[in-house]
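> Based on the sequences and whatever the hints tell you, model everything.
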Amino acid sequence: MIKLLNVDLTSQKAWVEEIEALRRSYIGGVGINARLAYDLIPRGADPLGEQNVLILGVGPFVGTNIPTACRTEITAKSPLTGLLGTSSSGLYWGAQLRYAGFDHIAIFGRSSSPVYLLIKDSEVQIKDASHLWGKSTWETVQSLRRQEGEGLQVASIGKGGENKVRFASIQNNLHHAWGRTGLGGVMGSKGLKAIAVWGELPLEVYDLRETLRFAQLITKRISEDDSFGYTRRYGSMVAADPYNKLGALPGYNFTRGYLEGWEDTRGRRTFGQRYKEKDLACFACPIACTHWSRVKEGKYLGYQFHGLEITYDLEFGAKLGIDSIPEISLCVDLCDQYGLDIISTAGVISFLIECYQNGLVEQKEIGTEIDWGYVEGVRRLIEMIAYREGIGDLLAEGVRRASAKIAGSERYAMHIKGGEIPVRDPRGKWDVWSLGYLTNIRGGDHLRTRSPAEYLLGGTRNHLEEELGVSEEFIEKMDLPHRLKEEIFGRVPHKVDIPKMAKYAEEIITLINATGICIRPPVLRTFGPELFSQGLHATLGLKLSPEEVLRAAERIWNLQHLFNLREGERIESWTFPDRFYQEDAGRGALSAEKVEETLRRYFLARGWDPETTLPSSEKLQELGLVSEGGQLRDGPL
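435 is the number that the numbering used here gives to position 435 of the sequence shown; each next residue is one higher, with no gaps.
What the hints contain is simulated information worked out from the structure, not anything from laboratory work. Among the hints, a few may not be true.
What the hints assert, rightly or not - Taking lysine-lysine and the BS3-like style, the derived pairs with C-alpha atoms no more than 30 Å apart in a straight line are:
{"id": "1", "residue 1": "Lys543", "residue 2": "Lys619"}
{"id": "2", "residue 1": "Lys299", "residue 2": "Lys278"}
{"id": "3", "residue 1": "Lys500", "residue 2": "Lys477"}
{"id": "4", "residue 1": "Lys500", "residue 2": "Lys364"}
{"id": "5", "residue 1": "Lys220", "residue 2": "Lys543"}
{"id": "6", "residue 1": "Lys485", "residue 2": "Lys619"}
{"id": "7", "residue 1": "Lys594", "residue 2": "Lys495"}
{"id": "8", "residue 1": "Lys485", "residue 2": "Lys500"}
{"id": "9", "residue 1": "Lys594", "residue 2": "Lys245"}
{"id": "10", "residue 1": "Lys220", "residue 2": "Lys485"}
{"id": "11", "residue 1": "Lys543", "residue 2": "Lys485"}
{"id": "12", "residue 1": "Lys477", "residue 2": "Lys495"}
{"id": "13", "residue 1": "Lys500", "residue 2": "Lys594"}
{"id": "14", "residue 1": "Lys543", "residue 2": "Lys477"}
{"id": "15", "residue 1": "Lys495", "residue 2": "Lys485"}
Structure follows, in structure tokens:
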């Protein structure tokens with residue numbers, strides 16, 4: 001039974017309802033979150049206003065021993081994009097929520113004074129947080145653990161969220177986060193400093209033996225996948241060097257795809273040999289892809305840090321040109337303490353540097369010295385953004401809004417649909433992942449579309465086809481319906497159809513986020529509709545065929561898209577910034593015509609009108625999203 005905890009911060013009341021009827025159509029996690037967001041958030045609601053609803057949810061695998069089953073999805077209307085804002089994070093928070101007796105939380109209204117939410121073994125309290133307001137996220141976690149119990153799992157905001165920075169994150173304990181889309185700003189607008197959970201209630205599954213067998217099967221398959229060893233050794237940093245070779249770095253605000261000396265200063269081997277101390281794992285994870293590191297010599301001797309993660313490396317190391325791993329990590333630590341999304345923070349600072357270098361703003365307007373690679377200037381700007389101090393107040397609005405205020409600066413604002421573009425330059429390699437930056441339901445982003453048959457160093461056959469870099473044996477073993485294998489790879493496998501693989505990849509990642517597991521390559525390459533079907537039966541007793549599982553994912557994706565259409569998204573926003581079409585960062589510019597043709601094929605694969613992106617009535621009826629009268633089922637279209 002799915003338990004939804006409702007919390008009204010205005011009235012300071014909480015109540016529980018059962019929403020099991022949503023399970024079959026939306027599974028859990030991001031799926032049920034999307035359904036609740038569509039139904040509970042009024043059309044046109046101010047993302048930083050009282051009508052926005054903050055929704056947290058875990059999938060049915062979370063808290064079991066199914067490998068990597070630890071993720072929590074948080075969803076609201078985004079203050080950054082004005083579209084659906086949603087983010088996933090792991091560690092232990094989600095498992096503790098289920099052990100405390102809940103699957104989803106919906107938070108309404110606004111408290112008149114700072115509060116935090118304490119959830120322990122079905123007990124829910126709204127408690128005064130005046131003593132926590134103004135504290136960093138790290139101080140908040142430490143204070144709550146002293147006050148309420150050392151094992152507490154804490155989601156909190158720092159000054160970024162308190163000051164309603166439009167890309168503020170919600171921090172997951174100390175070093176993890178629900179980043180992107182500004183959900184920390186939503187939490188701050190509600191006067192909610194933290195959500196702390198702890199539970200010891202038993203977690204029931206439909207068939208314990210079947211669940212244990214399923215977990216053993218998945219553990220075996222993940223550990224035998226070719227990507228397991230290097231993912232465990234390097235984590236996400238495995239791609240840092242290949243991106244430089246491809247010319248796909250976001251160097252200096254996407255003006256240079258290749259950086260000389262990258263491998264020797266910020267590459268994966270440099271990190272592994274000079275800094276990495278030990279591997280770290282989230283709940284139920286056999287991969288242990290994150291790391292704890294220490295500086296062993298030089299200026300920062302003894303400094304310890306989490307990571308290095310590739311996002312940190314590419315955002316602060318490439319986009320801002322900082323060539324010291326300890327200094328990259330110092331910037332990350334500041335973002336974590338203030339509760340700021342790393343990608344958007346690096347994006348707005350790199351935008352400002354270009355504006356300054358091209359004479360659009362003066363140093364006296366900025367208030368600090370800035371340049372590529374100048375870490376002290378970057379750290380000062382991070383602080384100014386968090387406190388909305390000086391020019392930090394403008395940057396806290398995100399590059400789309402900031403560029404509207406600085407005449408002539410639009411060409412330096414690297415965003416898609418208002419979301420700052422992360423980590424990877426599509427001019428370095430056009431592929432499924434690059435297309436996903438445009439098709440992503442949360443604006444310019446890289447974590448909702450990724451091919452399970454990705455060939456990292458492979459090329460592009462043409463704008464519609466990616467080079468095949470996996471064996472026929474791998475394709476034969478893929479948990480993918482035969483019909484889709486032929487459509488994506490060819491009757492005799494020889495290519496990857498980019499639009500069709502993008503659609504499939506989005507739906508597999510939707511299932512990953514709906515069930516609560518991780519997106520790391522060994523998991524992404526293992527799971528498909530058949531295994532999701534088996535896991536849902538073992539844990540829930542839910543009988544969904546592989547085809548029905550994929551249909552549920554497609555339903556969820558379409559519902560998120562309908563939310564965006566309702567909130568004003570239009571076809572004109574499905575484009576890269578002009579820089580990608582007009583400038584050569586080392587590997588040639590993109591062709592607008594070819595990008596548009598690839599998008600058109602994607603829209604057709606989805607059953608959407610290629611001129612408007614509106615799903616056809618046939619597609620909505622097929623997915624059970626409309627009634628006979630043409631209205632969105634269980635909610636207004």
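> Indicate, hint by hint, whether the structure satisfies it.
Now the hints, each set against the structure:
1. Lys543 <-> Lys619: 23 Å, holds
2. Lys299 <-> Lys278: 22 Å, holds
3. Lys500 <-> Lys477: Holds, at about 19 Å.
4. Lys500 <-> Lys364: Judged against 30 Å, a Cα distance of about 51 Å means the pair is violated.
5. Lys220 <-> Lys543: 24 Å, holds
6. Lys485 <-> Lys619: 22 Å, holds
7. Lys594 <-> Lys495: 18 Å, holds
8. Lys485 <-> Lys500: 10 Å, holds
9. Lys594 <-> Lys245: 24 Å, holds
10. Lys220 <-> Lys485: 24 Å, holds
11. Lys543 <-> Lys485: 24 Å, holds
12. Lys477 <-> Lys495: 17 Å, holds
13. Lys500 <-> Lys594: 16 Å, holds
14. Lys543 <-> Lys477: Roughly 23 Å between the alpha carbons, so the hint for Lys543 and Lys477 holds.
15. Lys495 <-> Lys485: 11 Å, holds
Comparing the model with each earlier hint shows a violation of hint 4 alone; every other hint is respected.
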